[in-house]
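> Taken in sequence, the protein lines are chains A and B. Sequential numbering of the first sequence, starting at 0, is according to numbering that gives the first Met the number 0. Sequential numbering of the second sequence, starting at 0, is according to numbering that gives the first Met the number 0.
Note that these hints are calculated values from the structure, not bench results. All of these numbers come straight from a predicted model, not from anything done at the bench.
Simulated crosslink set (PhoX-like; lysine-lysine; CA at most 25 Å straight-line):
hint : chain 1 : residue 1 : chain 2 : residue 2
1    : A       : 77        : B       : 181
2    : A       : 76        : B       : 181
3    : B       : 76        : A       : 181
4    : B       : 77        : A       : 181
5    : A       : 214       : A       : 181
6    : B       : 214       : B       : 181
According to the in silico footprint, chain B covers these stretches of chain A (three or more CB under 8 Å from chain B):
hint : region
7    : 136-143
8    : 202-211
9    : 230-241
Interface residues of chain B toward chain A, partial, derived using beta-carbon atoms under 7 Å:
hint : residue
10   : 143
11   : 173
12   : 207
13   : 210
14   : 211
15   : 227
16   : 230
17   : 231
18   : 232
19   : 239
Heads up, the beta-carbon is just placed ideally off N, CA and C, and yes, glycines get one too.
There are 2 protein chains.
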Amino acid sequence: MRVALDLMGGDDAPSAVVDAALLVADTQPDVEIILVGPVDVAERLLAGRGTPGRLRLAAASEVVGMDEDGARAVRAKKDATVRVVHRLVRDGEADAAVSTGPTGATLAAAVLDLGRTARRPALAVVVPTAAGPVVLLDAGATVEGSVEQLVEHAVLGAAYAAALGLEDPRVGLLNVGHEPGKGDPLRREAFAALSAAPLRFVGNVEGHDVVRGGKADVVVTDGFTGNVLLKGLEAGLQRAGADLPVSAVLLGVDGVCVVGHGAASAVDIAACVGVAARAVQQRLLDRLAAALEGQQPAVAAP
Amino acid sequence: MRVALDLMGGDDAPSAVVDAALLVADTQPDVEIILVGPVDVAERLLAGRGTPGRLRLAAASEVVGMDEDGARAVRAKKDATVRVVHRLVRDGEADAAVSTGPTGATLAAAVLDLGRTARRPALAVVVPTAAGPVVLLDAGATVEGSVEQLVEHAVLGAAYAAALGLEDPRVGLLNVGHEPGKGDPLRREAFAALSAAPLRFVGNVEGHDVVRGGKADVVVTDGFTGNVLLKGLEAGLQRAGADLPVSAVLLGVDGVCVVGHGAASAVDIAACVGVAARAVQQRLLDRLAAALEGQQPAVAAP
Chain A
0 MRVALDLMGG DDAPSAVVDA ALLVADTQPD VEIILVGPVD VAERLLAGRG TPGRLRLAAA
60 SEVVGMDEDG ARAVRAKKDA TVRVVHRLVR DGEADAAVST GPTGATLAAA VLDLGRTARR
120 PALAVVVPTA AGPVVLLDAG ATVEGSVEQL VEHAVLGAAY AAALGLEDPR VGLLNVGHEP
180 GKGDPLRREA FAALSAAPLR FVGNVEGHDV VRGGKADVVV TDGFTGNVLL KGLEAGLQRA
240 GADLPVSAVL LGVDGVCVVG HGAASAVDIA ACVGVAARAV QQRLLDRLAA ALEGQQPAVA
300 AP
Chain B
0 MRVALDLMGG DDAPSAVVDA ALLVADTQPD VEIILVGPVD VAERLLAGRG TPGRLRLAAA
60 SEVVGMDEDG ARAVRAKKDA TVRVVHRLVR DGEADAAVST GPTGATLAAA VLDLGRTARR
120 PALAVVVPTA AGPVVLLDAG ATVEGSVEQL VEHAVLGAAY AAALGLEDPR VGLLNVGHEP
180 GKGDPLRREA FAALSAAPLR FVGNVEGHDV VRGGKADVVV TDGFTGNVLL KGLEAGLQRA
240 GADLPVSAVL LGVDGVCVVG HGAASAVDIA ACVGVAARAV QQRLLDRLAA ALEGQQPAVA
300 AP
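If we strip away everything but chain A, and leave its shape as in the complex, we get (with noise of 0.2 Å):
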């Protein structure tokens, strides 16, 4: 299981990504990290703490900052260390990417690098509440939504909850009650497509069902109105001092893609290294293809 580690991701990179992958190398036996970024900077922060064989570098020399435009700066710069990681995943030198990264250069080098096998790409989070864990999507990936998106992503979803070991997962679509004719044309229409999709649809849900569980396993919606309830949600719950989610999935894309919080701690990339080693293990991709396999109607021989 080989994991490609954005070297240059995050506010605490590239110390935090270096103390990551020794952590992961320590903890996390299965894995092999290719810490990818410029070799200079890897080599001086790993000298004299007794680099593990499990621990690899893969030269990038172009960094995509904070401020910059993520979708135009990943088409100009071919060797960010955004790009590299997805492209070793292409390649099959690695098994899975984590970039800690912003986090739309770091969808629009997944796009650009792995292809797409969705429509949309979406990401997806976890949300740990005291009912269990809640897979939000779309979390940001696509702002705009359709009711094909929200079908396709729910498809998504479910499968990745499953492959989490979520059996059977109940999918409920956020809206502003949980009423069916509840929301704006765009739900009224998805509730009636979501109704119709091979899913265990379980109706609406609120804006609450997220944080505290219980109703759904996975929570659809467009990753407009998911992105400002996580980033809402988050600064609750850590006012809470509950745990955060650290890392997002992004579905739909051909390679397994890990995002963590600009924020992240070492802990926290561990972690996401951790979610990326648990999607490989689980088949996410063979798993997300079945699904939207599945999802196309059936054509009768001619």
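Fit chain B to the known structure of chain A by using the hints.
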């Protein structure tokens, strides 16, 4: 100052509402409560409790239940408590209406019996944060968004914040990132329109800014996103044991209308009455009307 209070609104009505009315009589000496509902129910609950002089009853024989379609039910039930509270305001017999009944029914009744002053009404909620109060709107009155509506609601929200004592309030647009150019087409267009409006527009803000405060005093969004975020952050704040917003003020109708949380306690309902009384004292309706007028482009004399 006369506040019409819906006897039958909320999970613990009518007893919590009667307790609230007596609490107001004890603690808010300038407020006279008009308790609106079935007179026999009110009299039974008030019996032997030394009904104070600043509390009187107004008859309303019908109730809108939690499980009814709010808009339809208020049309059918002309003598519903939630309609009578607003008619008392319309007819000059009360200065403000307070209900903790189903939000949809309360909004429909307010629009029906008071009439609109804005194109679309907005629910404004004051979120307490460490950096001071943040006015979030629309929290769910109008689920569909448009550029004109976001600008109108921003103008209403700023006037409301000013009435709360926030001088020259900073207005932020809820979005998925703080940089200009972020978001869906609606936000990108709204950003330009808000920049040109007679407002202290500070640009985009994110979900966490509503919980943490400090970036903007007023955060404007469409009613779908606002409702989802409010419910999510309420659940998060509840887990943190922090203060929750207990009331929302409906802006854009021709009267002061305060909507309480369905789970409101007697203390919460008394706080809603306090919010209504303060809005009347601060001449909220005049401020809103002046703000909407200022928003109109000046017309040159012929």
